[in-house]
Amino acid sequence: MSASGERPAAAIHDLGYKRYVGTRRPQSTRWRVIVKNVLATSWRGWWRMKIWMIGVLLTTVGIGIPMYILRHEVFRELQRQGLHLSWADALVPISFSFFTWTAFILATSIAAGQVARDLRASAFEFYFSRPVRPIDYVAGKVGGITVVMLFALAAGPVLLSLFRVGLSDDVDEVMTTLALVPRTALVGLLGALAYAVVPLALSALAPRPRVTVSLWVGYYFIFNGLAFALAHQLHMPWLGALRLPSAVMGLAFGLYGGYSPSGSEELPSVTASFIGLMAYIVVGLLLLHWRVRSAERAGMGGG
Amino acid sequence: MSEAADGALIELDDVKKSYGSVHALAGVTASIGGRIIGLLGPNGAGKSTLLKCLLGLVPHRGNARVLGLSTAQESFRIRDRVGYMPERDSYLADLTAVELCTFAGELSGLPRTEAMQRAHAALYYAGLEEKRYLKVEGYSTGLKQRVKLAQALVHDPELLFLDEPTNGLDPRARDEMLELIVDLPDRRGCAIVLSTHLLPDVDRICDNVVIMNGGKLEFFGTIEELRRDGPVDAALLPVYEVEIRMGGEEGAFAAALEQAGCSVEPKPPRKLLVKLPDGAAPMLLFRAARQAGAQIRHLEPDRDSIEEAFLRVVGAKKKAAP
Numbered sequence: 001m002s003a004s005g006e007r008p009a010a011a012i013h014d015l016g017y018k019r020y021v022g023t024r025r026p027q028s029t030r031w032r033v034i035v036k037n038v039l040a041t042s043w044r045g046w047w048r049m050k051i052w053m054i055g056v057l058l059t060t061v062g063i064g065i066p067m068y069i070l071r072h073e074v075f076r077e078l079q080r081q082g083l084h085l086s087w088a089d090a091l092v093p094i095s096f097s098f099f100t101w102t103a104f105i106l107a108t109s110i111a112a113g114q115v116a117r118d119l120r121a122s123a124f125e126f127y128f129s130r131p132v133r134p135i136d137y138v139a140g141k142v143g144g145i146t147v148v149m150l151f152a153l154a155a156g157p158v159l160l161s162l163f164r165v166g167l168s169d170d171v172d173e174v175m176t177t178l179a180l181v182p183r184t185a186l187v188g189l190l191g192a193l194a195y196a197v198v199p200l201a202l203s204a205l206a207p208r209p210r211v212t213v214s215l216w217v218g219y220y221f222i223f224n225g226l227a228f229a230l231a232h233q234l235h236m237p238w239l240g241a242l243r244l245p246s247a248v249m250g251l252a253f254g255l256y257g258g259y260s261p262s263g264s265e266e267l268p269s270v271t272a273s274f275i276g277l278m279a280y281i282v283v284g285l286l287l288l289h290w291r292v293r294s295a296e297r298a299g300m301g302g303g
Numbered sequence: 304m305s306e307a308a309d310g311a312l313i314e315l316d317d318v319k320k321s322y323g324s325v326h327a328l329a330g331v332t333a334s335i336g337g338r339i340i341g342l343l344g345p346n347g348a349g350k351s352t353l354l355k356c357l358l359g360l361v362p363h364r365g366n367a368r369v370l371g372l373s374t375a376q377e378s379f380r381i382r383d384r385v386g387y388m389p390e391r392d393s394y395l396a397d398l399t400a401v402e403l404c405t406f407a408g409e410l411s412g413l414p415r416t417e418a419m420q421r422a423h424a425a426l427y428y429a430g431l432e433e434k435r436y437l438k439v440e441g442y443s444t445g446l447k448q449r450v451k452l453a454q455a456l457v458h459d460p461e462l463l464f465l466d467e468p469t470n471g472l473d474p475r476a477r478d479e480m481l482e483l484i485v486d487l488p489d490r491r492g493c494a495i496v497l498s499t500h501l502l503p504d505v506d507r508i509c510d511n512v513v514i515m516n517g518g519k520l521e522f523f524g525t526i527e528e529l530r531r532d533g534p535v536d537a538a539l540l541p542v543y544e545v546e547i548r549m550g551g552e553e554g555a556f557a558a559a560l561e562q563a564g565c566s567v568e569p570k571p572p573r574k575l576l577v578k579l580p581d582g583a584a585p586m587l588l589f590r591a592a593r594q595a596g597a598q599i600r601h602l603e604p605d606r607d608s609i610e611e612a613f614l615r616v617v618g619a620k621k622k623a624a625p
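Chains as they are written, first to last, in our numbering: chain D, 1 to 303; chain Y, 304 to 625.
Everything labelled a hint here was simulated from the structure, so no lab data went into it. Glycine included, C-beta positions come from ideal geometry on N, C-alpha and C. A hint or two may mislead.
To spell it out: a stretch of chain D is covered by chain Y in this simulated footprint if at least three of its residues, at any positions, have a beta carbon under 8 Å from a beta carbon of chain Y; those stretches are [as the list claims (entries may be wrong)]:
{"hint": "1", "segment": "22 to 31"}
{"hint": "2", "segment": "126 to 132"}
Cβ pair distances, simulated, as ranges [said to hold, decoys possible]:
{"hint": "3", "chain 1": "D", "residue 1": "Leu178", "chain 2": "Y", "residue 2": "Gly371", "range": "57 to 63 Å"}
{"hint": "4", "chain 1": "D", "residue 1": "Val282", "chain 2": "Y", "residue 2": "Glu528", "range": "54 to 60 Å"}
{"hint": "5", "chain 1": "D", "residue 1": "Ser28", "chain 2": "Y", "residue 2": "Arg391", "range": "53 to 59 Å"}
{"hint": "6", "chain 1": "Y", "residue 1": "Pro362", "chain 2": "D", "residue 2": "Ser28", "range": "17 to 23 Å"}
{"hint": "7", "chain 1": "D", "residue 1": "Ile275", "chain 2": "Y", "residue 2": "Ser324", "range": "43 to 49 Å"}
A short, non-exhaustive set of chain D residues, derived as facing chain Y with CB atoms under 10 Å [unchecked claim]:
{"hint": "8", "residue": "Tyr17"}
{"hint": "9", "residue": "Ile34"}
{"hint": "10", "residue": "Lys36"}
{"hint": "11", "residue": "Asn37"}
{"hint": "12", "residue": "Arg44"}
{"hint": "13", "residue": "Arg117"}
{"hint": "14", "residue": "Arg120"}
{"hint": "15", "residue": "Ala121"}
{"hint": "16", "residue": "Ser122"}
{"hint": "17", "residue": "Ala123"}
{"hint": "18", "residue": "Asp136"}
{"hint": "19", "residue": "Pro209"}
{"hint": "20", "residue": "Glu296"}
{"hint": "21", "residue": "Arg297"}
One chain only, chain D, in its complex shape (with noise of 0.2 Å):
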């Protein structure tokens, strides 16, 4: 130490440096760290997550409070199909269209740059230098997109959901409207899924997030767009499967009785739906992580 108190510039100093004799974290749970990172690294900033999800839960409330004004009045197009649905039924899968939206803008701003960061940072070298497996990147990555789509595709939903149990008149109602809870989950769940699976695959293929969302944003509106025309032109409905919005609709509107608010033809059945979207999140998964696998392999400098 200088006279001044300044150090020198290559003065060496380690704080009492003392080796590390703890137990490690077990290898398999490596994967973890990547997740809490994942959603740590997203909830930065407001424009990244913060003010959608303050967009998620004004929608809940917007649609929470119709459903509380309709909740004795019948969906009218439904009674001409012969079934009795009131509003606050059909507006639970009704929301999926607005959450969709969310979802949509979530995997823009978060996860369709997310490896192509990695892969423009070299960050594979940083990654696979250490006991992380190519699995344990693809789990970390997936499972904290997903998390995040969760708050978009599942949370509203689902608190929608269980605000009808509430609205419920007697014991039977309640146990009517409560069965319906664990299907939107599940509708919340592989649409999370897909909306964080197809952008992280997209993410992968170029090393230039500008380029990747840009490709994620063409599939979304080009891909999906020729589906949905194609679905309707053709008659075909189950094509419509292969547009993302339009599958996860078809398995809430079909896990809530199978009818579609405007027109069956222009949504997939509940097969089709699940069909398609588990399709997506497999296909994604394994395009992500034959991806990240070979530039495991590849990423560690030549010579």
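Model the placement of chain Y on the given structure of chain D, informed by the hints.
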């Protein structure tokens, strides 16, 4: 110093790795130990492939063990005990240096509190105390190199792989980095494998050297052994550089040496390069000096610089190649 650092840190038994028709490692066998080991070789020599194999990142033929652990079966245990400082910038966007090092510690199995404490300590050690709360992506090259060193240290490794740690640094920053590296074995008890193209760095801080060329290990030994590529005992070296002061004619000393069977090459103004005859001891030089009335002011074995030694090892191989 850890126990492992005292013995063989790395054991290689006919390790081979090919990428298509290219033999990145062509049957490497060695038992490598030491405090600071320089890993040298021209581009494409197989250094990075060797590091990948040692970290268990790429499958290979033959057996390799690091700290006594098999790279084929125990690569994750190896990576828990080994630190790696990559050549390229390698960070996570949006993270500060503290967050990056804490994350690195947690990924290596440390509990969060311990990882955070050690992240601060490692960054402090690397001289980043004031800047550790800034995002790494905004750092200068020198600071990024320091963060890379800190993240490699945070989980308490017994062995550190440093890939070109002084790349892109100005002379002062390079000195500081080398000072940190050379201090690590004593302060932190870890051995170091330093992969670099900068021979002066190796000369300055390494005690052992591995030279690779064309996927083969061409040399492993101390720096002194590399310079002569033979025994270290100076008394056995046959060539000496002698500085003299003469009262009379300068050629008299050279003539006396030649008469004694030496071959002499003058290096003006007052130096001679003398090759002793087979089996002769350096005492012959003093006898010849007394005979010629010369005073020997300075005498040292004529050794190659590390650059010359490196080129000799690598160049000999190239000449031998068809």
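**Report entry** Index of numbered hints that the structure contradicts, given in increasing order
**Finding:** 5
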